[in-house]
Structure formats: structure tokens, C-alpha cells
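Each protein sequence line maps, in turn, to chains A and B.
Quick note, the first sequence lines up with residues 6 to 204 if you use this note's numbering.
Quick note, the second sequence lines up with residues 80 to 267 if you use this note's numbering.
Treat the hints with care, since some could be wrong.
Have a look at the derived ranges for each label pair, beta carbon to beta carbon [unchecked claim]:
no., chain 1, residue 1, chain 2, residue 2, range
1, B, T96, A, P182, 39 to 49 Å
2, B, W195, A, G46, 51 to 61 Å
3, B, G208, A, H14, 40 to 50 Å
4, B, L264, A, R75, 41 to 51 Å
Everything labelled a hint here was simulated from the structure, so no lab data went into it.
Even glycine gets a Cβ: it sits at the ideal position worked out from N, Cα and C.
Here is what each chain is made of, one letter per residue.
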Amino acid sequence: MSNPNALLHRRDVVNELLRDRADLLVIAGLGAPNWDVSAAGDHPNNFPLWGAMGAASMIGLGLALAQPKRKVLVITGDGEMLMNIGSLATIAVEAPKNLTIAVLDNERFGETGMQKTPTASGVDLAAIATACGIRTSRIVRTMAEVTELRDLAHEGRGTAFAQIKINPEALVFVMPPADGVILTTRFRQSVLGDEALYN
Amino acid sequence: MAEAAKSRAEAAPALPTWPDEIYRVLKDAGIRQVAMVPDAGHSRLIRSFEADPETRVVTLTTEEEGVAMLAGAWLGGERGVLLLQSSGVGNCINMLSLPVICHMPLLMIVTMRGDWGEFNPWQIPMGQGTRPSLEAMGVIVNKVDEPDLVASTVQGAANLAFNTWKPVAVLIGQRVLGAKNFKELARK
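Kindly generate the complete structure, drawing on both the sequences and the hints.
So this is what it looks like as C-alpha cells:
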């Protein structure tokens with residue numbers, strides 16, 4: 006990209022997406038998006054991934070279909086999205102109104118030494134999402150556009166996708182619980198109530 | 080006329096009843112989301128779910144999507160089933176980390192290829208690798224080779240999955256499905 010100093014900072018982006026989050030349900034892809042979402046505040050309505058690369062968007066779909074009255078926001082990275090890029094076709098066909106996918110695109114595999122991903126060579130994820138049939142699909146480069154995306158995610162008026170161009174900065178890790186049983190159980194208890202503990 | 084109709088009915092091979100039986104079993108288990116990559120062996124079951132307004136049938140581009148989708152369904156309080164062919168099991172391997180480490184139920188119904196009577200050599204590696212790769216990932220595997228036992232096997236697997244939060248796969252063997260032979264369809 007032209008001027009890295011003009012690129013958005015990932016934690017500013019995530020803090021804005023999660024501002025006044027109310028009862029928003031959040032899936033975070035593995036690696037830096039997990040740490041970013043956790044840095045904005047650990048929360049029972051977060052399901053941050055520590056593995057299962059490629060899962061984030063489809064967990065979002067299953068959850069959005071199961072909870073049509075709640076808004077679901079998937080925050081993941083460009084590498085994680087690319088690993089299961091076909092899911093955009095699946096999601097476009099199902100088109101749940103309450104699902105937004107925000108890809109933090111630093112054009113790098115950040116956890117493994119900042120190797121370039123295909124987006125560094127110009128692969129346009131937003132265009133792929135559009136071509137799949139997700140009509141609200143865009144590249145985001147400014148904080149004003151991040152605020153618009155935040156409002157879309159919170160309003161849930163149609164499946165939305167954004168490829169947010171961010172600075173490839175390496176930040177301190179902020180980790181949520183790593184135990185998948187804790188993450189699953191507290192999420193289900195928060196969304197479904199105490200009944201979730203009994204079945 | 081009645082005699083002729085009767086003899087025709089006797090001559091026609093009886094349609095297998097197990098697809099309808101497992102549809103009932105899965106409905107009784109409370110299945111709402113059906114994630115699938117189609118297989119001929121599942122076609123009748125898929126048609127039943129597609130005709131059912133209470134279930135959402137989602138066609139996947141690859142089977143691992145279904146593992147993740149049903150994890151999301153569970154997080155949101157819905158039960159689902161993943162319908163796939165044995166070749167698709169190979170696509171799921173790393174994604175199975177998710178239900179295994181999170182103690183989430185996952186019910187997979189796998190129609191076998193590369194099994195009894197297979198004609199296509201390219202189906203053999205994954206067909207023979209299906210059970211060991213699932214078991215290597217911590218999935219409980221129940222194989223069924225008798226049409227009369229399919230429904231009870233699926234019922235037991237559903238109970239196991241949803242009551243003990245385990246990934247469970249039912250493998251329906253080619254003895255049940257009938258082995259295809261595309262060579263019979265090819266020009267001689």
C-alpha cells in the first residue's frame with residue numbers, strides 16, 4: 006500500500022466496532038483479531054478462537070441462523086478469511102440479515118513472521134464477497150467508514166462484509182481464557198440463560 | 080388389473096425405508112440446521128429436510144464449513160447435523176479441533192465410498208482412511224452395514240452427541256447404500 010502511516014490502527018478499529026456493544030455477539034478469528042477483541046474488553050458474548058483457522062465466518066452463520074433476533078459480528082483477519090473463502094458463497098446464499106463480517110486486512114500472516122498474504126498482491130476480498138452476492142460489501146480505509154460499519158453491524162439490516170485496511174503493526178497480546186469449555190459455556194449461559202448449564 | 084398391479088409391485092425392488100426412519104429420528108432429536116455437501120446416499124433425506132419448514136438446509140462449499148457452522152448453531156442454542164460423503168471427512172480434520180476442545184456436540188452422518196464393492200480406485204484412500212482419521216481426532220465412530228440398524232445407530236449417536244457434548248460420526252456402509260458401478264453406464 007502507498008503510505009503505511011495513513012493506514013488504520015487495528016485496535017482503534019475494533020474499539021470503534023465494539024463501542025456501546027449492548028448485546029452484540031462477537032466471533033473473533035484466531036491470532037491478532039482475538040487479541041484485539043480481548044483488548045477491547047473480555048466479555049461473555051465474545052467467542053474468541055485459538056485455533057480452527059477458517060472457522061470464524063461459518064460459526065457466525067450458524068449462530069446468526071440460531072439467534073435471528075441478535076446481531077452477530079465476526080472480526081477476523083485476511084489470512085483466516087482466505088483459508089475458508091468459499092464460505093462467502095455459502096453465507097451469501099443464506100443471507101442472514103443479522104450477520105456482519107469485518108476482516109482486519111494487514112496483508113500479512115501476522116503470527117508467523119509477517120509473511121505476505123494474497124491481499125498484499127491485490128486480492129480484493131470485498132469484490133469476492135460482492136461477486137458471491139453479498140450486496141453490502143466494501144473496502145474500509147477511514148475511521149468514518151469504520152463508524153458506518155459499526156452502525157450496520159448493530160442495526161442488522163442485511164448481511165454485510167468489510168475488508169478494513171490496517172497497519173501491519175505487531176501489538177502486545179491481550180489474551181482471553183484459552184479453555185474452549187469455559188468460552189463455550191459462558192457464551193451459552195449469557196445468550197441462552199442458566200438453562201444452558203443443564204442441557 | 081389388480082393382479083397385474085400386484086405382480087408389478089412384487090417385481091419392483093422395495094425402496095429402502097432407512098432414509099425416512101433417520102429423518103424421523105433426527106426430527107425427534109430436535110435438529111434445526113442441516114449442513115451438507117450432497118451425496119447420492121443422502122438425497123432422499125435431504126429432500127425430506129428441504130420440504131420441512133422447521134429445518135434450514137445449508138449447502139456448503141466444503142464440509143469443514145459445516146463443522147464450524149454447527150459450532151455456531153450450538154453457541155446459539157440450536158442443534159444440527161452434518162451430512163457428508165466419506166471423502167468429505169478428510170476436509171474436516173483440523174476443524175474438528177473446535178468441537179473436540181470446546182466439548183460441543185457434533186453429529187455427522189457419513190455415507191461411505193471406498194468401502195464394500197467400490198468400483199472407483201480413487202475412492203479407496205479416503206474411504207479406508209475415514210474411520211482412522213476421525214478416531215485420531217477424537218470423534219466417536221459407529222459404522223452400520225445393516226439397513227435395519229441404521230435408524231437405531233443414528234438415534235444412539237444423536238443421544239451420545241447431544242447428551243455428552245461429543246463429536247460422533249455414523250458411517251453408513253456401501254452394503255447399505257449399494258455400491259455403484261459407473262462402468263455399467265459407460266459405453267462398452
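Going through the hints against the structure:
no.	hint	verdict
1	B/T96 with A/P182: 39 to 49 Å	holds (47 Å)
2	B/W195 with A/G46: 51 to 61 Å	holds (55 Å)
3	B/G208 with A/H14: 40 to 50 Å	holds (46 Å)
4	B/L264 with A/R75: 41 to 51 Å	holds (49 Å)
Hint check: no violations occur; every hint is consistent with the structure.
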